[in-house]
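Engineer: Listed below are the residues making up each chain.
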Amino acid sequence: MGLFILRRVGIMILTALCLTFVVFFMTNLYPNLEKLAKTQGNFRMSDEAVASWLEKGGYLQSTPKKYLEWVGLAPSYQHQAEDGTITGRCITPGMDPKDAPRFCGILQGYWGYSSVFKDEVSSIVATRLSLTGILMFWVMLVMVPSALILGVLAGMKEGSATDRTLSTVAITTTATPEYVSGVLFIAIFSSSAVGLKWFKGTATSAMDSPNLENFLLPVLTIALYGMGYIARMTRASMTEVMTAQYIRTARLKGVSFPKIVLKHALRNALIAPFTVIMLQFPWLLNGVVIVETLFNYKGFGWTLVQAAGNNDIELLLGVSVVSVLVVLITQLISDIGYVYLNPRIRIT
Amino acid sequence: MDPLSWTGNIAFLDPLLFFALGLLALSVLVWIVLSAVLPENRAINVTGGSASLSSGPLVLAALAVKAAFLATSALVAVYLLLGIVMGTGAGIIGAMAQRLLPVWIALVLLFTLSILFKRKLGLYGKLFDSPIGMIGFALVMFWVFTGFFGAVDMIITHDPLAQLSGLKNKVPGTPLRSPEDGDFLWYLLGGDNLARDVFSRMVKGAWEVVKIAPLATVFAFMVGITLGLPAGYFGGKLDTFLSFLANLILAFPVILLFYLLVTPEIVQTGLPQFMAVVLFAFPLIFFYVLINARYRTQPQKNYLWLAVVLLPMLALYLMVVSAPGSKVDILPTALDRIDIPGGILVVFVSVVFVNSPTVFRIVRGLTMDIKTRDYVAAAQTRGERPWYIMLWEVLPNARGPLIVDFCLRIGYTTILLGTLGFFGLGLPPESPDWGSTINEGRKLLAIYLHPALPPAFALLSMVLGLNLLADGLREESLKD
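So the sequences go chain by chain: U and H.
Read in order, the letters of the first sequence are residues 1 to 348 in my numbering.
Read in order, the letters of the second sequence are residues 1 to 480 in my numbering.
Worth flagging that the hints you see were computed from the coordinates, not collected in a lab.
Some hints here could point you the wrong way.
[Said to hold, decoys possible] Dumping the calculated DMTMM-like pairs for lysine to aspartate or glutamate here, alpha-carbon to alpha-carbon at most 25 Å:
1. H:K443 with U:D208
2. U:K118 with U:D163
3. H:K479 with U:D163
4. H:K327 with U:E34
5. U:K253 with U:E158
6. H:K479 with U:E240
7. H:K126 with U:E158
8. H:K237 with U:D335
9. U:K66 with U:E48
10. H:K327 with U:E48
11. U:K38 with U:E55
12. U:K35 with U:E48
13. U:K56 with H:E475
14. U:K38 with U:E48
15. U:K56 with U:E314
16. U:K65 with H:E265
17. U:K66 with U:D47
18. U:K157 with H:D129
19. H:K126 with U:E213
20. H:K479 with U:E158
21. H:K479 with H:D239
22. U:K56 with U:E158
23. U:K66 with H:D339
24. H:K66 with U:E158
25. U:K263 with U:D163
26. U:K35 with H:E265
27. H:K327 with U:D47
28. H:K443 with H:E430
29. U:K38 with H:E265
30. H:K126 with H:E475
31. U:K157 with H:E475
32. H:K371 with H:D239
33. H:K120 with H:D339
34. U:K118 with H:D339
35. H:K443 with U:E82
36. H:K66 with U:E120
37. U:K38 with U:D96
38. H:K211 with H:D339
Keep in mind that this is a model prediction, so the values were computed, not measured.
Based on the provided sequences and hints, a complete structural model is requested.
Structural biologist: So this is what it looks like as structure tokens:
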């Protein structure tokens, strides 16, 4: 078990390095840098001015070297101007270059400076992530229990009326992407054209005080799309368990049906959905980006769109590091959890 | 000109339809409650010991659901028929039914022919044994035909890009202010924020989806199959490497990937084009290996087939990949007959790129399962080459799950295309595709519903159709 976890963690770190390198490479392609120079300097810069601006910031080194500097594994670039002043990534204004640390990257906790929000990337990511955390918490709270109940009820008696209806519901929700269900919800529950106006169509106010009125629609929108998939997986797993030998034995012994479901079937039927729920995280991230844009909830997904749309390279890198880590860690948990939950694998 | 109402002269049918819908909802509810409350239907009666099916309340409830469903469908059919006959006399619904006449004819033809010959059509024919599959297929084909006929300007009432004065954000059924001769006199589903016809844009949007989604899925399958078969069959280092790559792409948040690939700065560097060079080469490799594995021992036949299949594909490949003035400019302009607009190519490439790792994983899993079968061992004993076994023994036997996944994946690709449109990535801003239209419409959603809802429902029904179709196919293929 220990060796297994170690191996998985090793692969995870390798994957994270590869992915961040890809993002780093793509955000640091020359046209992007040129755009950055022009937005930071001025828009009428000549090509030479752009080149010297980039030279000064150390952007013109080779990509692997820049990447190592950004991660914090190589000493960071310092530029000596003609009058002898030294500038560099690690040197904050007013600091003596000799006191500045040699390494400043992600590993040292230096995440860079956002050119759009004019703030430290680490603090932006932290505040936005906590906002999205609240959203995700409620999504999970709505999605997981309802999906499991839906799946278990449908899978209990395969082919019954409950099964058919609930399966249709599950298929419909998986066919409704967030930008469709969100638009439908806003249209029905918050627009003045229909006139119900039960909930608010934006969740901007939910950033300070989430309540039912401003938070239900975004939560429901994300939860609905993921719910169908988990419910179908639970149903498949439940129907498989219900045809197993030991369930038949229990029935022949005369154990009541509710007791069979709750005591004998449920535990084994929930192993597969656990993995699925964990693997839903990358998906939820997708949903979060769409829903936060749709409902104007300024969380992590909204930040991703802003950073990507405005060529905010360091913020985009920070955002992608976090999202890649979230995805990889949930994958790791799902792998370990699967082994731990499944006695057939755990014991051998 | 008077504005059109929703149902016009056939409004007398409305209460009937609502009544039928109410009955349907009620009967479904009763059916569920009964099946949860009543004990299971036992085939053997306790008293007599004889086998007989009891016709309890549950059977009656199921019958009621069926009857209510049939009544509702019949009423909807009456609406459509009256609409086709009466046109605008039957309101907006009627006018739309009449505009969609070519689609109805094509659908009726397709279904009658398919049902007549369903025993000779293999898995496709079996689809018509499953009601769920038939509903799904009908929904999908409705949008496919709408896309096709819309592309040749048959269904649309106005130019999807034309802005007519006085129709900005107007409600469905608004008449044109100053119609010229030959103009259709109303905006059937209203006008959008730029005074364009919502109905025509929705129909044109169907074509955007129909032309990109299935083709992109086919390419993703080519890539996934060409890489997944050897990974699953040989295993070892190759498998480890390819699986690592696939997991790498799968761990990438899709939207981040889109933003990285589709922004103009990246397009300028030619990166998506280089990806197109690689990804579009896979069909060539696939067909080369497919033919070569089969006819390797008969060189004459082999060369003939290779020439017939590969040369046109190679020409097509070069024409598609090469674009004058960009980073990949291999063909002289005189030979470069096909010019795909830059935006579409980028969208296409990124959708294929996102989809192929999942296909790879499925094919790999199936191959690992199938390679332990006896017929594979028999082929190995015969001395067949690995690629022959993979492509002519393993692949045909993996087709069931792959076909089901193909349907699901087209739906998923449709959702992805919508996502791209929703974020305004890749496609030109005036493009009528559903994602962009939803994005434009959502900004005014608090006041005007009609620009955003038609594309939303269109996308929903098409993806739902594909999912139902996949479900029906799965059920039918499991029956063997």
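Engineer: Evaluate each hint against the coordinates.
Structural biologist: Consistency of the hints with the structure:
{"no.": "1", "hint": "H:K443 with U:D208", "result": "holds, 23 Å"}
{"no.": "2", "hint": "U:K118 with U:D163", "result": "violated, 54 Å"}
{"no.": "3", "hint": "H:K479 with U:D163", "result": "holds, 19 Å"}
{"no.": "4", "hint": "H:K327 with U:E34", "result": "holds, 19 Å"}
{"no.": "5", "hint": "U:K253 with U:E158", "result": "holds, 21 Å"}
{"no.": "6", "hint": "H:K479 with U:E240", "result": "holds, 17 Å"}
{"no.": "7", "hint": "H:K126 with U:E158", "result": "holds, 22 Å"}
{"no.": "8", "hint": "H:K237 with U:D335", "result": "holds, 21 Å"}
{"no.": "9", "hint": "U:K66 with U:E48", "result": "holds, 21 Å"}
{"no.": "10", "hint": "H:K327 with U:E48", "result": "holds, 23 Å"}
{"no.": "11", "hint": "U:K38 with U:E55", "result": "holds, 14 Å"}
{"no.": "12", "hint": "U:K35 with U:E48", "result": "holds, 14 Å"}
{"no.": "13", "hint": "U:K56 with H:E475", "result": "violated, 64 Å"}
{"no.": "14", "hint": "U:K38 with U:E48", "result": "holds, 12 Å"}
{"no.": "15", "hint": "U:K56 with U:E314", "result": "holds, 17 Å"}
{"no.": "16", "hint": "U:K65 with H:E265", "result": "holds, 22 Å"}
{"no.": "17", "hint": "U:K66 with U:D47", "result": "holds, 22 Å"}
{"no.": "18", "hint": "U:K157 with H:D129", "result": "holds, 23 Å"}
{"no.": "19", "hint": "H:K126 with U:E213", "result": "violated, 49 Å"}
{"no.": "20", "hint": "H:K479 with U:E158", "result": "holds, 15 Å"}
{"no.": "21", "hint": "H:K479 with H:D239", "result": "violated, 33 Å"}
{"no.": "22", "hint": "U:K56 with U:E158", "result": "violated, 68 Å"}
{"no.": "23", "hint": "U:K66 with H:D339", "result": "violated, 38 Å"}
{"no.": "24", "hint": "H:K66 with U:E158", "result": "holds, 19 Å"}
{"no.": "25", "hint": "U:K263 with U:D163", "result": "holds, 21 Å"}
{"no.": "26", "hint": "U:K35 with H:E265", "result": "holds, 8 Å"}
{"no.": "27", "hint": "H:K327 with U:D47", "result": "holds, 21 Å"}
{"no.": "28", "hint": "H:K443 with H:E430", "result": "holds, 16 Å"}
{"no.": "29", "hint": "U:K38 with H:E265", "result": "holds, 13 Å"}
{"no.": "30", "hint": "H:K126 with H:E475", "result": "holds, 10 Å"}
{"no.": "31", "hint": "U:K157 with H:E475", "result": "holds, 17 Å"}
{"no.": "32", "hint": "H:K371 with H:D239", "result": "holds, 15 Å"}
{"no.": "33", "hint": "H:K120 with H:D339", "result": "violated, 40 Å"}
{"no.": "34", "hint": "U:K118 with H:D339", "result": "violated, 43 Å"}
{"no.": "35", "hint": "H:K443 with U:E82", "result": "violated, 52 Å"}
{"no.": "36", "hint": "H:K66 with U:E120", "result": "violated, 63 Å"}
{"no.": "37", "hint": "U:K38 with U:D96", "result": "violated, 28 Å"}
{"no.": "38", "hint": "H:K211 with H:D339", "result": "holds, 15 Å"}
Hints 2, 13, 19, 21, 22, 23, 33, 34, 35, 36, 37 from the earlier list are contradicted by this structure; the remaining hints agree with it.
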